[in-house]
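Let the hints inform the model, and build the full structure from the sequences given.
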Amino acid sequence: MTNYSSISSAFKNHYPSLILYAVKWVKDEDLAKDLVQAVFVKLLEKSERIMIIDYRPYLYKSVRNQCIEHLRKNSPKDNIEDIDHSTIAYFSDPIEQSEFEAYVFGLIDKLPPATKRIFKLNRFDGLSNQEIADHLQISKRTVELQISNALKLLRKELFKSSDKIHNLSQFLYLLF
Amino acid sequence: MDNQYQLIKHYQNKLSENEKYKVEGWLKESTNNQEEYEYCVIIWEAAQQSKPLQKLNIEHDWNLILSKANRKPKRLNKIIKYGLQIAAVFLIIFGAYWFSNNTIYKSEYQYVQNEWRNKVKTITLVDGSTVSLNYKAGLYYPKRFNGHERKIKLEGNAFFNVARNKSKPFRVETPISMVQVLGTSFNVDATNNKTIVTVKSGKVQVTNKIDDTSNVKLLPNEQGIQDRNGIYKKHISTQNYIGWKTGKYSFENESLLEVITLLEKRFHFSFLFLDNDLKTRELTAEFNGENLKDIIEIIQLSCQVRINLESNKLTISKNE
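First to last, the sequence lines map onto chains D and E. Each residue of the first sequence is one higher than the one before, starting from 1122 at the first, in the numbering used here. Each residue of the second sequence is one higher than the one before, starting from 394 at the first, in the numbering used here.
Keep in mind the hints are simulated off the structure, nothing from the lab. Since we're looking at a predicted model, the values are computed, not measured.
Listed next, with one range per pair, are the computed distances between beta-carbon atoms:
| no. | chain 1 | residue 1 | chain 2 | residue 2 | range |
| --- | --- | --- | --- | --- | --- |
| 1 | E | H453 | D | S1260 | 35 to 41 Å |
| 2 | E | N411 | D | R1238 | 29 to 35 Å |
| 3 | E | Y490 | D | K1231 | 49 to 55 Å |
| 4 | D | R1170 | E | H453 | 26 to 32 Å |
Cβ atoms here follow ideal geometry from the backbone N, Cα and C, with glycine treated the same way.
Structure representation (structure tokens):
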């Protein structure tokens, strides 16, 4: 396989954000995963015949096509152009949004264990602060402090990588 | 801001008027503060979006993709593809049939085993048939008999008294044989990789489950035996085969080996002949519910042997 290693590294770089991107189309995590994987299976199969210089646009376009193809097959009458990006208004481009989300996820994973656990329980599992406090047998005040701590650390990390900030800066003025 | 969570609460509109006023005052202080607020909100929102990535295993998924890409043949001939589809349909039908046949034992059947060494456990089935289980014998039986036959499964030694029902044959499965009857009483001994069926009344058919063709048809006082050598028939003249249940034995010039083997079914001991010649010594006696000690006494006297009983072990030796 000629460009096996470049496909492998493209997979490692883009896989999480590609899934998030696919979720916006098909609205199902497991299905999104399958569709992204199918794109890579296809890519590996024809890797000997094609040459890709920039993987990023190619992969997002392929995932988009894969999702649309899936939606057509399963609900021919649905309005397929309708991507859901209502959750974060700052991003005009769903690709950038997906990448940013995947990036934040990576940062969350690097938080100190206790902070990470509490932050995940709140954001990913949707528990209320009182529920987290009961569950971990700590005070509600500690839960709130830990969430605050997580936000501080994440913001600090975000500042470190200037290119991400650059992507973001244009959206920051929207609110004020 | 010391407590960034206050910003999120403000964003979610969850603050009291007083707190809200504080945060908004802080925001007005500088654009830096406004930026801080923005970042927190963006992180907050993005973190919720990351939910599907919680259990992502990149290494594992990459290997999965590799195996899928390698496994897929380049191009399948259309005819082969079509053939495979048909095969798949048959496979599913066959699989469903097999599954439904096999789940009977798991879902509707229950299992009972006799764990009492000195008692016979008798089960009455839903059709009125009774099964008497010897020590360690196990029975799989259903709460209801569905379908066109009454099917149960036996491990070990048991006596059956089957209620007559011509339209629903009664079937006993042992590990190696299939015993089929209409209505009768008979004994099935399925221990030590053998099946011995002895008929008291009625008609019984024993089929070899392994080759599925060889069988014997048995009438009262006939015995069908399946062992390593296959399946065959024997005439019997006594009711000793159900002695384990009745306690009644009638021996007439019976070999000592046969006597001990039959008594073992009732008293559950292990035995050892110290001298092989002793196995062919003959015994003529009648027993009717005696205990093992008394029976041993009688055998010792009439056969001129010594029998030692210790911790459930019989040792038979010459009488010096």
